[in-house]
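S.K.: Chain by chain, the residues run as shown.
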Amino acid sequence: MKRRTLLKTSLVTGVIASTGLLIPGRVLAAYPQAAFESKEVDGAISAAMGSSDYADSGDIKIKAPEIAENGAVVPIQITSSIAGTESISLIVANNPSPMAAIFNLHGSEAFASVRVKMIKTSDVIAVVKAGGSLHAARQEVKVTIGGCGG
Amino acid sequence: MANSIKVRAKAKDGIVTVKALMSHPMETGLRKNSKTGKKIPAHYIKEVIAKVGGNTVMEVFWGTAVSKNPYLSFKYSGGEGDELTMSWVDNQGDSGTASVKVK
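So the protein sequences, as listed, match chains A and B.
Under this note's numbering, the letters of the first sequence match residues 1 to 150, in that order.
Under this note's numbering, the letters of the second sequence match residues 1 to 103, in that order.
Check the hints yourself; a few may be wrong.
When the alpha-carbon atoms are kept at most 27 Å apart in a straight line, the in silico DSS-like pairs for lysine-lysine are as follows [as the list claims (entries may be wrong)]:
#	chain 1	residue 1	chain 2	residue 2
1	A	K63	B	K39
2	A	K120	B	K51
3	B	K51	A	K61
Stretches of chain B that chain A covers, calculated by requiring three or more beta carbons in the stretch to come under 8 Å of a beta carbon on chain A [unchecked claim]:
#	stretch
4	4-15
5	47-57
Going by beta-carbon spacing under 10 Å, a handful of chain A positions derived as facing chain B [said to hold, decoys possible]:
#	residue
6	E37
7	V41
8	Y54
9	V74
10	Q77
11	S81
12	I82
13	A83
14	G84
15	P96
16	S108
17	E109
18	A112
19	K120
Source of the hints: derived by calculation from the structure; they are not laboratory data.
The C-beta atom is built at its ideal place from N, Cα and C for all residues, glycine as well.
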């Protein structure tokens with residue numbers, strides 16, 4: 001794991017340094033604006049990952065409430081036991097913009113937890129990128145009061 | 001923005017669990033002001049980065065679906081005494097940062 005981290009870090013640093021983009025504190029990857037603006041689940045996944053071709057996997061665990069009383073704050077936890085997990089994306093299928101969060105792991109553990117807003121009852125989808133392929137798991141969360149009202 | 005992130009990081013068996021709470025409105029841009037009927041402009045955190053000793057351990061991209069005053073938790077391999085720095089940037093160019101020592 002250490003070796004991989006080192007390789008990855010030195011590779012990325014090398015590319016950034018050689019293109020002269022080295023600004024202190026700058027993010028390594030670019031913000032995938034199109035993925036977050038997409039109104040469709042598959043569109044959002046392909047904008048973020050370059051493909052929406054994923055296989056369902058039992059090695060991804062989503063911990064989310066079955067019924068969320070308050071759609072404004074829905075705690076979601078995702079754990080992947082797929083070897084070589086590179087990133088974890090969280091998608092709320094029925095939200096106006098389904099893509100909620102993308103976690104890019106830098107040698108960190110395949111675990112992510114965040115609280116999201118849900119407009120109505122929807123599937124929560126976790127998409128894991130590992131070794132160039134995509135894996136997904138989903139769970140339905142019932143929402144009694146939507147989280148996007150004013 | 002002072003104290004815009006509260007971070008706790010605890011090490012156990014070589015794994016550090018980080019829990020962070022940020023203070024931010026996370027406006028979607030879809031909500032309307034109930035008095036004026038005008039849309040409230042989108043204001044949300046786009047990126048959160050965690051670094052240990054200059055190395056990025058976690059990089060997170062967020063959209064508007066993340067709840068107000070966001071909570072974030074993740075794990076990385078590390079140990080006690082690591083100097084963890086977390087920072088965020090939002091769509092209006094505001095930013096915040098905080099450092100903690102892993103306990």
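S.K.: So, for every hint listed, does it hold in this structure?
M.R.: Do the hints match the structure? See the list:
no., hint, result
1, A/K63 - B/K39, "33 Å, violated"
2, A/K120 - B/K51, "35 Å, violated"
3, B/K51 - A/K61, "26 Å, holds"
4, 4-15, "violated (count 1)"
5, 47-57, "holds (count 5)"
6, E37, "8 Å, holds"
7, V41, "13 Å, violated"
8, Y54, "18 Å, violated"
9, V74, "8 Å, holds"
10, Q77, "8 Å, holds"
11, S81, "13 Å, violated"
12, I82, "16 Å, violated"
13, A83, "15 Å, violated"
14, G84, "15 Å, violated"
15, P96, "6 Å, holds"
16, S108, "4 Å, holds"
17, E109, "4 Å, holds"
18, A112, "6 Å, holds"
19, K120, "13 Å, violated"
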